[in-house]
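Peer 1: Count the sequence shown with the numbering used here and you get residues 109 to 238, in order.
Keep in mind that the hints were calculated from the coordinates and are not lab data. Please note that a few of the clues may not be correct.
Unchecked claim - Estimated spans, in silico, between C-beta atoms of each pair:
#	residue 1	residue 2	range
1	H127	M217	15 to 23 Å
2	M217	H165	40 to 48 Å
3	G218	H165	30 to 38 Å
Using N, Cα and C, we set each Cβ at its ideal position, and we do this for glycine too.
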Amino acid sequence: MKKLLVLLTTLVSVNILAHCPLYFSAEDLCADLEWTNGPAYNVESGFEVSFWRNGDHNHELVSPEAEVSFRPWMIMSNGHSHGGPAMTWQEVEAGLFEINDARFIGGMMGYWQVLIKVGDEELAVKVEIE
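Based on the provided sequences and hints, a complete structural model is requested.
Peer 2: What follows is the structure, given as structure tokens:
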């Protein structure tokens, strides 16, 4: 019985994480980043970020109450880090943000992230460029 309970708890935990790729605890919101163009080095890439209430398996879009911002960030192999070219975004519908001018400079020793900030809370998504 104890093993069954542990297995069930693990499955439920994995299911919850699968429905909330990025969790912003201050507003109890989940978010996900989907690429619409790219990503690629040295050209404009595009992506959308959607927000929904934690626990909503239908992912009905909802606008965060706090200010939302996005920026590219490089983590370098020597332990340093720095920003990249500025991005612009717009909320195209409630809870759906569109970015079409993300640029990730190639030939650098490190990897890029997109930093997503809601209020004072900031989370990172690693940019996988092939």
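Peer 1: Evaluate each hint against the coordinates.
Peer 2: Do the hints match the structure? See the list:
Checked against the hint of 15 to 23 Å, the pair H127 and M217 fails, with Cβ atoms roughly 36 Å apart. At roughly 41 Å, the beta carbons of M217 and H165 sit within the given window of 40 to 48 Å. Between G218 and H165 the CB atoms are about 36 Å apart, so this pair conforms to the stated range of 30 to 38 Å.
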